Amino acid sequence: MEQLLLLLIFLPLVGAVVTAFTGSAAKHVALVSAILSLALTLITVCNFTPDASTQFAVNYPWIQDLGINFHAGIDGISMITVLLTNVLVPIIILSAYQHDYKNSNAFFALILFMQFGLLLVFTAMDAFLFYIGWEAALIPIYFICAIWGGKDRIKVNMKFFVYTIAGSLFMLLGIIYLYLQNPAHNFDIQAFYNLNLDSVQQSWIFWAFFIAFAIKMPVFPFHTWQPDTYTEAPTPGTMLLSGIMLKMGIYGVIRWLLPVAPEGVQQWGNVAIILSIIGVVYASIIAFTQKDAKRLVAYSSIAHVGLISAGIFALNTQGMQGAMVQMLSHGINVVGLFFVLDIIARRMKTNKIAELGGIAKQAPQLAIVFLIIVLGTVALPGTNGFIGEFLLLIGVYQYKVWAGVFAGLSIIFGAVYMFRMYQNIMLGKTNDLTIGFTDIKGSEKVVLYIICALIIVLGVYPKPILHLSEASVQQLIEQVTQKLTSVN
Amino acid sequence: MNIIITITVTALVVLYAGLFKAKKALLPLTLIGLLTSLAFVVTSWNTNQTYYGMMQMDNFALAFAGITILGTLFIFLLTQNYFAEHSENIAEYFTLILFSLAGIVIMVSYKNMSMLFIGVEIMSVALYILAGIRKNNFASNEASLKYFLMGAFSTGFLLFGITLIYGATGSFDLGVINQYLVTNYKSISPLFYPGVILLMVGLCFKIGAAPFHFWTPDVYEGAPTLITAFMSTVVKTAGFAAFLRLFADTFAPLHDFWLPPLMVIVCLTLFIGNVTALFQKNFKRMLAYSSISHAGYLLFSLIALTANSANNVLVYAAAYTFASIIAFGVLILVKQKTGNDNFESFNGLGKRNPFAAFVLTVAMLSLAGIPLTAGFMGKYLMFLNVMHDYQFYLVAFAILNALVGFYYYFKVIVAMYFKDGAEVELETPVQYKVVLVLSLIITVFLGVYPSVILNLI
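These protein sequences, in sequence, are chains W and U. Those letters in the first sequence? Residues 1 to 488, by this note's numbering. Those letters in the second sequence? Residues 1001 to 1457, by this note's numbering.
By construction, these hints were calculated from the structure, which means they are not laboratory data. Heads up, a few of these hints could be off.
[Said to hold, decoys possible] Partner residues aside, some chain U positions facing chain W, computed with beta carbon under 10 Å:
1) I1197
2) V1264
3) I1370
4) L1384
5) F1392
6) F1410
[Unchecked claim] Simulated restraints, written as ranges between beta carbons of each label pair:
7) L484(W) with V1434(U): 55 to 65 Å
8) S24(W) with I1441(U): 21 to 31 Å
9) T224(W) with T1163(U): 51 to 61 Å
Treat the numbers as computed from the prediction; the structure is a model and nothing was measured. The C-beta atom is built at its ideal place from N, Cα and C for all residues, glycine as well.
Isolated chain W, as found in the complex (with noise of 0.2 Å):
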């Protein structure tokens, strides 16, 4: 079973290696991976008990000297982000099927360095494996981004390079500092659970952490970089971006920010919180003045977000499960919308709400999908989101009333933006532009029936994922309370 986890973490690294030496087969090889890395978790999952214990541990003395090594491992929290990343991937390069992209070979073995980093970041038990994954994800990001990107790319991706690169240099200060004050000298994680901090230190610690989460998800006001780096990125990009990497964010602060500074989140959760819920707000606000469809997009995610940050910062199971739930459930919603955006971007040239319209009638097959997935976007019982921003809201809710009300309001918010998007697109009359639409067909439809499929699949029957994900949530959250009343 050792071996299983290994291969899982190292799987992308090989297979981005193979594809960066094949020439135009690149994205079959990419493709292969990927599906090799989903059969990898599938058997994992099916291995898996939920209980709330670490499995398929690894641990490997990787630099004696420094006290760090490789050890990895799974529970019910990193089980749920390791699905995610392993489901999206192959569907990410799958929706790349139709481009041809210059230099396909680096494009694709950059998603699976990629996939690499990202399963870095959500199996290690060592902080400095962590941050190793962190910055591993980031890079093959920027690249994917700054080349394949669109106009503004160069300028816009810098932004959001330094940006996010700020954020963790901080963190890993923060790292360091829990490091030297770990009498054993090592980046274990269960060591820094242990730490003895008082709370003027554990705020610090929720800072340094804090703020490179809030830029990873992003978390108003550190969000300034978001709408223009999705906009200008590649699809797969924008995919890999909003789909998968945002939940890095959301991650660390679950795995890492919570249990190692309670008290630091007991002092400074009620400004995470506000701070959640303003950009629930604002970025509705902003999303239903958008002209162009994947800005709007953009910012509809920054709102779910919100939403996931201040579930989580409510510090109850209802919270925390709904942002294990919502996590894959945006992750979802949000490729495939993207992919639809993309779709009529490649056939229409633009993505102009105002210039598009009545598509519907020219390519049935993409309105019926298109608004499955906006359902699910907006939450509709029965499909995956409503389970998701179900439990979140009872989670604000219960934290604070108003907190519970202003989120709700994004629910509504989304619904009204949404709809009059799918209906200035979708709807209305077909003009001169839209008149020659041909409906999906090929890689396209097996993508977003797939998408469907897990939208109300996930939406009927949310338990076995639910079931995944409660016994560890159940012990964070008992670790949490326990270190906290043991103080007051």
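Based on the hints, put chain U in the right spot on chain W.
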């Protein structure tokens, strides 16, 4: 000792070979000489021999000698046809570099202040000539003159410092001086303190730390690229080794005294180096300024003296040396084709020569300090070192500077991949390939598995 003898003999043999017009034999002879001296580094490991109380070949000295010799070896491999374009007398330049290297080995192994002075002078005199090897080039002459004047100045400071310390302690010997500090801690002669400061100033000149850095950009830009590579990697490393030997060891009891001025120097160096590098349009000049900022990071090792200080410098110096060699190597290739070394000449390199572009990208990531490269390990160790003393503000300041660093290092990457340039094929000669690949392997290997050199010293 045999290391210095080997290098010196090689230098003389090469000089004679040049006299007999055996141009083809120069490079092989040099390489054999350097490889032999590297072999001596390996065989003398852990022997810790002292020669007449003047030089001590401890592991510290050997490790730094090893890195400087290896760096020189790589730079020699890059000389293919390089000097031939500039001058008839290639043998002289080979010899001068080797003499300079001999001085460097003395600088990393001195046990007596007079040897420090002799080492610095042997190294510098050869460099003054090398900086000016393009006799008909104005910039090259300017570089040579500036370097010479500034070098003479700094030697003056160095000598004053040594004299004052001799006046206070009555000895040049590092052991005796250290003993003096330990035994007379309460009643150190007032001559000693200005001596320490003057030595610090003199050495800061040599390593190009602010505010004694003004010569670096002009000299680095004016000197032939290969000599610049030598100066900014090998020579700089040697300067740090000399610095460390004196301050981390001999003057360690006076840490509280020389720490405040050092802090000022570190902050200035980081800030000036980084911010000025940001505004450069010329790649070579950018590297010059960035080398100033790296000097700042390297000085971190002296702020908190731990058992690992020397070793951290070794890791950082290795990371910096090999990444810089890549940068200069690719720069030479690009310059040969385009004729200038501005950022624009790198435009579209990703298409013209994907291999060189990839290697240079890794080098830039390493210099910027991205994980999985040696540069990150170096920076990490430096931050860790300083965090031992809980100097948060300093580390936070360094982080802000590192962010600035990302901007200018990524400028090259942006030019290579995201901008279109002239569609001129750019070939990589075999020797360049060897150097680039080896440096790449070292850079990545030290980034992934630095354990090999973490406990060397």
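Under the constraints set out in the numbered hints, which ones does this structure not fulfil?
1, 2
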